[in-house]
Every structure is written in structure tokens, then in C-alpha cells.
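Which chain is which? The protein sequence lines are A and B, in order.
Take 2 as the starting number for the first sequence in the numbering used here and just add one per residue.
Take 2 as the starting number for the second sequence in the numbering used here and just add one per residue.
Since the hints were made in silico from the structure, they are not lab data.
For clarity, every value in this text was computed on a predicted model and none was experimentally measured.
Note that beta-carbon positions come from the ideal geometry of N, C-alpha and C, so glycine has one too.
Check before you lean on any hint, since a few could be wrong.
Unchecked claim - To spell it out: a stretch of chain B is covered by chain A in this simulated footprint if at least three of its residues, at any positions, have a beta carbon under 8 angstroms from a beta carbon of chain A; those stretches are:
{"#": "1", "segment": "22-34"}
{"#": "2", "segment": "111-121"}
Stated by the list, open to error - Far from chain A by the CB rule (all over 10 angstroms, computed), these chain B residues:
{"#": "3", "residue": "Leu10"}
{"#": "4", "residue": "Pro12"}
{"#": "5", "residue": "Trp15"}
{"#": "6", "residue": "Val16"}
{"#": "7", "residue": "Thr17"}
{"#": "8", "residue": "Glu64"}
{"#": "9", "residue": "Ser87"}
To be verified - Going by beta-carbon spacing under 8 angstroms, a handful of chain B positions derived as facing chain A:
{"#": "10", "residue": "Asp14"}
{"#": "11", "residue": "Ile38"}
{"#": "12", "residue": "Val39"}
{"#": "13", "residue": "Pro41"}
{"#": "14", "residue": "Val44"}
{"#": "15", "residue": "Val49"}
{"#": "16", "residue": "Phe62"}
{"#": "17", "residue": "Asn74"}
{"#": "18", "residue": "Gly90"}
{"#": "19", "residue": "Gln93"}
{"#": "20", "residue": "Ala96"}
{"#": "21", "residue": "Val97"}
{"#": "22", "residue": "Gly102"}
{"#": "23", "residue": "Pro104"}
{"#": "24", "residue": "Ala108"}
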Amino acid sequence: MSGLSGIWVYLAASPLTWLGVTLVAFVLAMRIGAFLGNSPLANSVLVSAALIIPALLVTRTPYQIYFEGAQFVHFLLGPATVSLAVPLYRNRDAVKRSRLPIVVALIAGALTAIGSALAIAALFGAPPDVLASIAPKSVSAPIAMELANGIGGIPSLAAVLVILTGITGAVIVTPLMNALGITDYRARGFAVGLAAHGIGTARALQVSDVAGAFSGIAMALNGAFTAALIVGVMQLL
Amino acid sequence: MAVNADHPLRPADWVTGFAVLILCQLAGEAMVQLLRIVSPGFVFPGPVAGMLLLVLILNRFAERARSTIAVANGLLGILALLFVPSAVGIMQHWAVIQAWGLPLLLAVIGSTVLTLLVTVYAFIVTDRWVERRRR
């Protein structure tokens with residue numbers, strides 16, 4: 002028995018184990034999604050996390066050990082973000098033609114994202130450090146963490162809220178837009194990229210190439226605009 | 002644009018394509034760091050700067066970027082997978098989630114729905130206005 006548990010001690014600490022678990026969980030999540038007719042509720046990020054977290058809790062594996070394996074997947078986020086240039090280039094004519102709607106939707110959306118999150122959280126009496134952590138929730142995690150840090154928030158809480166926002170947007174966008182009868186995939190993509198950054202963009206790419214391109218540009222623009230806005234307001238105060 | 006079936010990518014092409022993506026990201030990170038020397042408060046993601054750089058490259062050399070486009074399409078196809086490690090990170094924050102869970106969840110869901118609505122209608126209304134003026 003001690004031989005077997007020795008093997009487990011070795012495996013549980015090996016990055017290979019948790020990299021493998023991450024890949025297998027994602028494949029399972031895709032299968033579950035396909036089985037449920039690609040329902041947006043069976044979001045692959047959400048289902049994967051729901052499979053992996055209990056496994057880590059049961060085996061008493063700390064997140065840091067898990068991440069030593071999972072970091073190899075996480076690292077690809079950088080080159081994947083660069084890759085968004087391809088759908089953007091492919092749909093460059095549509096993007097150029099939509100310049101004005103893009104600017105107006107960016108300003109309106111970014112202000113709503115920050116303002117409404119602050120307003121709802123403040124309504125429940127959230128303290129200032131929690132408010133500062135939720136303000137940048139619609140931009141991608143590295144920017145949100147840096148912004149939260151700059152305005153007295155908690156960077157790791159900001160990262161959690163960013164992920165929750167991304168999953169929420171990716172799950173809600175398709176049923177919401179369908180219910181409203183909105184068929185303009187430029188507008189749908191732009192909205193989900195602005196509200197739900199990369200996780201929303203991953204969903205948009207599954208739905209349509211046009212939506213993916215506009216989601217990518219919305220994510221990029223909102224990251225820059227929200228950063229400029231929060232840094233600018235901070236310098237005024 | 003699409004990978005031509007008559008000329009499948011050679012093994013080295015995948016490496017070339019991946020190298021272009023990595024080098025664009027590296028150049029983007031370097032540009033952001035340079036700008037931060039001038040203005041320390043400047044916040045901008047390096048990978049997004051790399052994305053803008055790649056758009057410029059594709060504008061000029063699209064016909065020679067077949068391998069880059071193929072690798073980029075491959076990565077974008079599994080974009081959701083790349084967010085799984087961060088999503089699992091939620092497990093580190095049970096304490097905050099227990100203390101502020103419901104208000105935070107309501108703020109996240111409410112604000113996300115509002116943001117989607119405002120953004121999509123701002124886009125559509127402006128687009129219709131532009132189209133009417135063009136005619």
C-alpha cells in the first residue's frame with residue numbers, strides 16, 4: 002500500500018498530472034456541451050472548472066501545485082490574443098465601415114460596465130476595496146489586476162470577478178440576443194467582447210467569424226479605454 | 002486565405018507560424034515597456050499591442066503569412082481551453098466569495114446584462130444613423 006501511495010505522492014506533485022487533468026477535463030466539457038446540443042449554459046470554461054476544482058479539493062492539492070502543470074496552457078493566452086489579428090484582418094472591410102458604431106458603442110458600453118458594477122455593489126454596501134476590485138471587471142485579467150491595484154482594490158479578487166464576468170457574458174449572450182431578435186453579428190460580437198473580454202470572444206468565435214472579429218476588437222479597445230479612463234480619473238482626484 | 006489543400010503545411014511551417022505570433026507578442030510587450038519609461042502610469046496589454054502589429058503585417062504580407070494564419074486559427078479554435086487555469090483559480094477565494102458572494106454575483110450578472118444591452122443597442126442605433134446618412 003505504501004508503494005502505491007508513494008506513486009500517488011509523486012504523481013500529485015508532478016506538473017504532468019495536472020496538465021493532463023486540465024486537457025481531459027476540457028475534452029469532457031466539450032463532449033458534455035455537444036451532448037447538450039451546444040447549450041450556452043454548458044460553457045466549456047465553466048464545466049472544466051466544475052470538474053477540476055472538486056478533484057483538487059478531494060486530493061487536497063493547492064492551486065499553486067495545480068498551476069505548475071496548467072501554466073503551459075495558460076501561457077498560450079498571449080499568442081492566442083495576438084492571433085485575434087487574423088479574424089480582424091479577414092473582416093477588415095466590415096470593421097472599417099463600422100468605425101462610428103464602434104466608437105459610440107465602446108464609450109457607452111465601457112461607462113455602463115464600470116458604472117453599473119459600482120452602483121450595484123455599492124447598493125449592497127460593499128466596502129471601498131471590494132468596489133475598487135469590481136470596477137475593471139469587464140477587461141482582461143492582467144489589466145484589471147493592475148488597475149484594481151492602482152485604485153486600492155485587491156488584484157486577486159479582481160481576477161476572480163473578471164473570470165466570473167467572462168463566464169456570465171459567454172453564457173448569457175446568445176439567449177439574450179436571440180430573445181431580443183438581434184441578428185447583426187457585428188453588434189452581437191462587439192457587445193460580448195466589450196462586456197466579457199476573452200471568454201466572451203471565445204464564445205463569439207464559436208458562433209460566427211464576424212462576431213469573433215468584432216468581439217476581438219471590442220476586447221482590445223475596452224482594455225485600453227477602461228485603463229485610460231480609470232488612470233485618468235485617478236489623476237484628476 | 003484558407004490553407005490550400007494542394008499545399009499542406011510542412012512541419013517547419015507550424016514552427017514559423019508560431020514564431021511569428023510569439024515575436025509579435027514580444028515586440029508588443031517591448032513597445033508597452035518602452036512607453037512606460039515615458040509615462041509610468043500607462044497601462045496597456047502587450048499581447049494586444051502584438052495583435053495590432055500582426056494586423057499591420059497581414060495588411061502588407063497576407064499572401065506570405067499562410068503558416069501564421071493556420072497556427073492562429075488553431076489557437077483561436079481552443080481559446081476557451083486557455084482560460085481554464087484562471088477559472089480554476091476561483092477556488093483560492095472561497096473566503097471572499099462567502100463573505101460577499103451574493104452581492105458580488107448580483108453585481109457581476111446585473112452589470113454584464115446591462116453592458117451587453119447598452120453596447121449592442123448603441124452599436125445598432127449608430128449603425129442605422131450612419132446608413133441613413135449615406136443614402
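Against the structure, the hints:
no.	hint	in the structure
1	22-34	holds (count 5)
2	111-121	holds (count 11)
3	Leu10	holds (15 angstroms)
4	Pro12	holds (18 angstroms)
5	Trp15	holds (13 angstroms)
6	Val16	holds (13 angstroms)
7	Thr17	holds (13 angstroms)
8	Glu64	holds (12 angstroms)
9	Ser87	violated (6 angstroms)
10	Asp14	violated (15 angstroms)
11	Ile38	violated (16 angstroms)
12	Val39	violated (14 angstroms)
13	Pro41	violated (10 angstroms)
14	Val44	holds (4 angstroms)
15	Val49	holds (5 angstroms)
16	Phe62	violated (11 angstroms)
17	Asn74	holds (6 angstroms)
18	Gly90	holds (6 angstroms)
19	Gln93	holds (5 angstroms)
20	Ala96	violated (10 angstroms)
21	Val97	holds (6 angstroms)
22	Gly102	violated (10 angstroms)
23	Pro104	holds (3 angstroms)
24	Ala108	holds (4 angstroms)
Hints 9, 10, 11, 12, 13, 16, 20, 22 from the list above are not met by this structure, while the remaining hints are.
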